[in-house]
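Hey, can you work out the whole structure from these sequences and the hints?
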Amino acid sequence: MTFDTQEVLPEQMQFRLDKLRTLEEEGKSPYLLTSCRVTHHAEDIVQDFDKLEETEVRVAGRLMGKRGMGKVSFADLLDRTGTIQIFSRKDNLGEESYGAWQELDLGDLVAVSGQVFRTKTGEVSIRNAEWTLLAKSLRPLPEKFHGLRDTDVRYRKRYLDLMVNPEVRDTFIKRSRIIQLIRRELDGRGYLEVETPLLNTIAGGAAARPFVTHHNALDLDLFLRISPELYLKRLIVGGLERVYEIGRNFRNEGMSTRHNPEFTMLELYEAFGDYHTMMDITESLISKAAEEICGGYEIDYQGTPISLAPPFRRISMIDAVREHTGLDFAVLTSDEEAREAASAYGLEDVGPAMPWGEVLNACFEEYAEDKLIQPTFLIDYPIEISPLTKIKEGTKGRLTERFEIFIGGREYGNAYSELNDPFDQRRRFADQQRRHEAGDEEAQLPDEDFVESLEYGMPPTGGLGIGIDRLVMLLTNQPSIRDVLLFPTMKPLD
Numbered sequence: 000m001t002f003d004t005q006e007v008l009p010e011q012m013q014f015r016l017d018k019l020r021t022l023e024e025e026g027k028s029p030y031l032l033t034s035c036r037v038t039h040h041a042e043d044i045v046q047d048f049d050k051l052e053e054t055e056v057r058v059a060g061r062l063m064g065k066r067g068m069g070k071v072s073f074a075d076l077l078d079r080t081g082t083i084q085i086f087s088r089k090d091n092l093g094e095e096s097y098g099a100w101q102e103l104d105l106g107d108l109v110a111v112s113g114q115v116f117r118t119k120t121g122e123v124s125i126r127n128a129e130w131t132l133l134a135k136s137l138r139p140l141p142e143k144f145h146g147l148r149d150t151d152v153r154y155r156k157r158y159l160d161l162m163v164n165p166e167v168r169d170t171f172i173k174r175s176r177i178i179q180l181i182r183r184e185l186d187g188r189g190y191l192e193v194e195t196p197l198l199n200t201i202a203g204g205a206a207a208r209p210f211v212t213h214h215n216a217l218d219l220d221l222f223l224r225i226s227p228e229l230y231l232k233r234l235i236v237g238g239l240e241r242v243y244e245i246g247r248n249f250r251n252e253g254m255s256t257r258h259n260p261e262f263t264m265l266e267l268y269e270a271f272g273d274y275h276t277m278m279d280i281t282e283s284l285i286s287k288a289a290e291e292i293c294g295g296y297e298i299d300y301q302g303t304p305i306s307l308a309p310p311f312r313r314i315s316m317i318d319a320v321r322e323h324t325g326l327d328f329a330v331l332t333s334d335e336e337a338r339e340a341a342s343a344y345g346l347e348d349v350g351p352a353m354p355w356g357e358v359l360n361a362c363f364e365e366y367a368e369d370k371l372i373q374p375t376f377l378i379d380y381p382i383e384i385s386p387l388t389k390i391k392e393g394t395k396g397r398l399t400e401r402f403e404i405f406i407g408g409r410e411y412g413n414a415y416s417e418l419n420d421p422f423d424q425r426r427r428f429a430d431q432q433r434r435h436e437a438g439d440e441e442a443q444l445p446d447e448d449f450v451e452s453l454e455y456g457m458p459p460t461g462g463l464g465i466g467i468d469r470l471v472m473l474l475t476n477q478p479s480i481r482d483v484l485l486f487p488t489m490k491p492l493d
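Under numbering that gives the first Met the number 0, the letters of the sequence shown match residues 0 to 493, in that order.
Since the hints were derived computationally from the structure, they do not count as laboratory data.
It cannot be assumed that every hint is accurate.
Claimed, not checked - Heads up, simulated DSBU-like pairs for lysine-lysine below, C-alpha to C-alpha not over 35 Å straight-line:
#, residue 1, residue 2
1, K173, K156
2, K173, K18
3, K156, K27
4, K370, K287
5, K156, K490
6, K70, K119
7, K50, K119
See the structure below:
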């Protein structure tokens, strides 16, 4: 017996299980089949009907609808490309085969052979001449007319979600196309795709709380990667000059509609480039993805019209804060002045030791970030929150050549002119170490091997990171990151 249980089963499931047992007793178990040859797919047949009319084809898929109980019946067969109608007639199949066909349940997987034709109502169909049961659906599918709408069930049982909600399949097909486009564009620019470790001895490359695991053979605690940055920059030192990686990062932080503990990032680095180079690449990748996926630059995200037509607006963090608050951090030059002005304006949680750059960033996040609806490069970040970034000339060491790209009030990417001064890098790591020891769990730990690599000489370099999941959300108009992750992190029900 291929399916045995002591569980008390729902009536519909017990009925289907009895059908399977009958087939097994007759030596007709679908699970004995080892392969199934398919010649065409549903979408191809519909699109190429003029060429395929009256041609014998063989398709395979899942039964999603059945109509007709007499000598003629219709069924909808779903494969990875779409749905096609199956026309079955008792006179064609014979009484036994037609009767068995009528006994099939929604969700069953079948292969069908027959000629392509168009019905009197104009629907492209296949005339069922022979069929084979490939697998039995022992559990009934979600109710047809209401579908699967419970988001918790959809995320936990993505296979059902993909099965019954065509728009969900479309989202993940588009996700794949977006990643393909990014690879195509970067490969065309001479970039080399590489892979770097997921298990790190130091959680570096970003300000984030890591996941910790233990390697038994080495008796060593390791961190799941929070960013591939420091490894990719080692490759720049090694002379690869243009590298990128599309892969998973892991951050042990809060969860929201924009945050999942594991997520996909694009990171790329170009020797002899800078943050202006990265702006050009960011603009190109996002606008071309919009053209390919959305059919143009003008999109609607959750009711907000957005234009992804280049060029994107560019504004400094100081100017953005001044524009939305009137506070001018170009004039508020001391830490104390910045804290007093921000507190007077109403900013909460301004600590007594909070430096100028952190106050500026806090004001931006509180008062200006959600106002950046159209694509905007926010440039010139303070050094206090940019430990891996080159200082911008003429700013007295306060600002760096860094930007983040904001769309719809959300950040989608981060880039900068990479710091390649080993002495400055070591000082900044030491400052991050002090913050970590003072209780900042997101401060970056020093990576002495990375500093040593800089001592061999790293050319001026531009680096960029783009959140793939958020970009997919934007281009497929999805409200939550869980809607663009096939298997989002979920707490077990038990």
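These are the hints, each one checked on the structure:
Between the alpha carbons of K173 and K156 the distance comes to roughly 20 Å, so the proposed pair stays at or under 35 Å and holds. About 38 Å separates the Cα atoms of K173 and K18, which puts this hinted pair outside 35 Å; it is violated. At roughly 30 Å between alpha-carbon atoms, K156 and K27 fall within 35 Å of each other, so this suggested pair holds. Taken as a hint, the K370 and K287 pair is honoured in the structure, with Cα atoms around 24 Å apart against an allowance of 35 Å.
About 13 Å separates the Cα atoms of K156 and K490, which keeps this hinted pair within 35 Å; it holds. For the proposed pair K70 and K119, the alpha carbon gap of about 17 Å is at most 35 Å, so the pair holds. Among the hinted pairs, K50 with K119 is consistent with the structure: their alpha-carbon atoms are about 19 Å apart, no more than 35 Å.
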